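K.L.:
Going down the list, the sequences are from chains L and X. Each residue of the first sequence is one higher than the last, beginning at 1 in the UniProt record's numbering. Each residue of the second sequence is one higher than the last, beginning at 1 in the UniProt record's numbering.
Read the hints as simulated data drawn from the structure, not as lab findings. Just so it is clear, the structure is predicted and the values come from calculations on it, not from any experiment. Do not rely on the hints blindly, as some may be mistaken.
Stated by the list, open to error - Chain L is faced by these chain X residues, among others (derived, beta-carbon under 10 Å):
{"hint": "1", "residue": "49"}
{"hint": "2", "residue": "71"}
{"hint": "3", "residue": "82"}
{"hint": "4", "residue": "83"}
{"hint": "5", "residue": "84"}
{"hint": "6", "residue": "166"}
{"hint": "7", "residue": "167"}
{"hint": "8", "residue": "373"}
To be verified - With a straight-line cut-off of 20 Å between C-alpha atoms, the simulated SDA-like cross-links for lysine to any residue are:
{"hint": "9", "chain 1": "L", "residue 1": "9", "chain 2": "X", "residue 2": "265"}
{"hint": "10", "chain 1": "L", "residue 1": "90", "chain 2": "L", "residue 2": "124"}
{"hint": "11", "chain 1": "L", "residue 1": "90", "chain 2": "X", "residue 2": "379"}
Even glycine gets a Cβ: it sits at the ideal position worked out from N, Cα and C.
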Amino acid sequence: MTTILSPNKSLSVNPLKMSQPLGAALAFLGLKGMMPLFHGAQGCTAFAKVVLVRHFRESIPLSTTAMTEVSTILGGEDHVEQAILTIVDKYKPQVIGLLTTGLTETRGDDMGGILQVIRERNPKLNNLPIIFVSTPDYKGSLQDGYTAAIESIVSTDYGSFTPDQPLMASVGMQPQVTILCSSSLSPGDVEELKAIVEGFGLTPIMIPDLSRSLDGHLEDNPHTVTTGGTTLTQLQQLNRSCFTLAVGESMRKAAQILEQRFGTKYEVFSRLAGLDGVDAFLWRLSQIITSRCDHHFPIIPNIPAYLQRQRRQLQDTILDTHFYFGGKKVVLALEPDLLHQTAWLLNSMGAKIQGAVTTTKSPLLEDLPIETVIIGDLEDLEDLAVGCDLVITNSHGGPIAKRLHAPLYRMGYPVFDQLGNGQRCLVGYRGTMQFLFDVGNILLEEEVKHSPCSSTYVNS
Amino acid sequence: MKLTKGKINELLTQPGCEHNHKKEGEGKNKSCTQQAQPGSAQGGCAFDGASIALVPITDAAHLVHGSIACSGNTWGSRGSLSSGPNTYKMGFTTDLSENDVIFGGEKKLYQAIGQLITRYHPAAVFVYSTCVTALIGDDLDAVCKAASNKFETPIVPVHAPGFVGSKNLGNRLGGEALLDYVVGTREPEYTTPYDINLIGEYNIAGEMWGVIPLLEKAGFRVLSKITGDARYNEVCYAHRAKLNVMICSKALINMATAMKERYDIPFIEESFYGVADMNRCLRNIAAFFGDAALQERVENLIEEQTLKLDIALAPYRQRLEGKRMVLYTGGVKSWSIVSAAQDLGIEVVATSTKKSTEEDKARIKQLLGQDGIMLEKGSPEELLRVIEKTKADLLVAGGRNQYTALKARIPFLDVNQERHHPYAGYVGMVEMARELDEAVHSPIWRQVRQAAPWEIWQQEHESLLHLEAE
Ligand code: SF4
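With the sequences and hints as input, model every part of the structure.
P.N.:
Spelled out as structure tokens, the structure:
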């Protein structure tokens, strides 16, 4: 069992953590027609926007209640109301995601009450879902904020809102499943996940669906709210899912909420990369299908041929790349879900986890292939990393890796000095192969660089 | 410095600031106090502004006293470059927890300062208050003072919590911190009769490095840079300069006016963008010193540089001649870039007047002529409308509008904070010309505008069907 250290330092140096509101906004951006609204002073929104724009290289719709000193003292009700009305007029969103910040949480606004009063005063908001989530900056991290937003999304009752498209009269032939996607999944990961599930003949509802909003694609008309993502219609059909697949431990509570509300059974998959993780996921998908078959006939689990083929490719990749992973010392600084998945994958390749840093509490932290994990910052990482062969963290790891003379593999948020973050896929058999090739190539290059013969070549 | 209403008002109504000169009554300090509107605002906060102004001091540590939002989301992302120390690039924060919010964060701050100094030995520490710490009432001044005595390092409190106002006000609050705690605290090793300070130039993308050699060649000595690529020490002895040169921004106007009052240092306001402005800048500084030899040297330098520049720009002029540009950026930059673009033969069909003073606007009018469009507000939709109406070939704006243009498949050049290439000085002109050329003539535009064969087929098919129907 891994020991979790949280040193409680007074000074955080080179923070790894990013704030809850940023995470909540990210989750909200996976809904269609969405405008996330930060209840706080305007800087928080501007900063979050800059981070997301630089990471995804996309225009990101975000809005603020623009609290001032005076409104902070008197209460922010007017600002919330004015912001919502302005957004409705200007951007015509189909849904608003309202989240708090450190400022408004410190003040302690009663948001439930405020929203109720605003609704009473403005009947024109009757048909607009406003999903509220409390995300104080001084607690938790991006992953926590993201998770909290997902929990709000699945707790909200969408029954009274008229959707943009009418509900389909008859239930489709294909069984529907709900997939809860944790913050460790990029839009490209979500896309892959969806393709896998569809490959089994299931209809997935992704919560949230970043693969339709932040995957980077051109639209014919410039837009101001998200143009893709989970639709209101889909949210209204959540009760029709026959199963919930929660990807990432942080999605467990959201899955439980769905079980409480609709009786939907669930399973949590803490890893979706690496042979074992993907195998388990596919096996469950095939079970969902077979459980709906006519049991008078023999039931043969039916794994799509292309996935069976990918599995063999992955096994071959593991063989080809393992030379470069074996015995390599790796340090990681990632949020819990991503840390868990990546650390085990490296471990399964024969690499040694030399140090691990993360941002926030999670039951996963007790189960890592290393003795201790620190809830800390990149200064902690740097202290742990002396003599390592590879650093895995976000783009802020650049200068650190340089000082350590070790290569950096970028993961998590923010990644601002690398292209293609929206479409990057590191899950499933295919994504695992990608990861093994990417990292394997880095390690191979290091080996060549440091091998004694290469210097003789250079000298001769 | 305690943050009082009076202080803020004073900063917003700077006598030297032309935002106020020409306006009376109602509209008086509109431009500075312009508060963000709930639901539509997008700008940064005062804390953001203060750090933009101060973080370029490279050998200092910048410690953010607040919750993780203020530092965690932003540290290390500024484009201001250093020729030496990199302490300013590190993210330091007290990362307040719920307990600190309840019981106060002063003790934690004091310990944080101690740890920071012991491990990283910065030349000084700037401590920034933020929304949460201002709200819970932490006494920043007292902690900084105590820590400063204990650890024998200058510690500067910066009172610019986000909610007091805009980025612009934050710049000035940053300037106030320098005035109150830094400027005048040390003496330079030596002075020359031609010592100048540069104020409001942050060495974004290393722009300053294209200009300082010119100034030195002309015979001026840059005593202090406030604050691009600055060392803490040089800001301390800035009070010994003979002249303050404010660059392209009224963001730190309060520093210039205060230094005039306190140390009798006059100031002029100049721009480094475009040939005309660069020339004017050199001449004005020389004229201030009134030394004939110096003036002659400047004239020679200008002649030599413009000649070289003409040759370097000739091919770009040919390719850019007659292109139509919409410009959307703030303040002085709006007209200084207009003149730079016109140097290249580009027709500026519209520009923003957001944040511009009356004087700026008059200049813009003169430069744009009759048909030029002046944009007061620039929502993305508004910008796109203007681009379409004027049939513009490209948009030049800040990074925030980048995707407005790109998503509409319009060539774009970033001229603000986040850019990676220096445009200042004569060398910068060539760089800008090269990039404008690349932006406009990139082979990608055809591809991203091109419909798929089946879409074209469909269109044709539809019109055929249409004809048949008739
Ligand atoms: S608005 Fe306040 S809390 Fe938000 S980033 Fe600015 S200083 Fe920090």
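K.L.:
Going through the earlier hints one by one, which of them does the structure break, listed in rising order?
P.N.:
3, 4, 5, 8, 9
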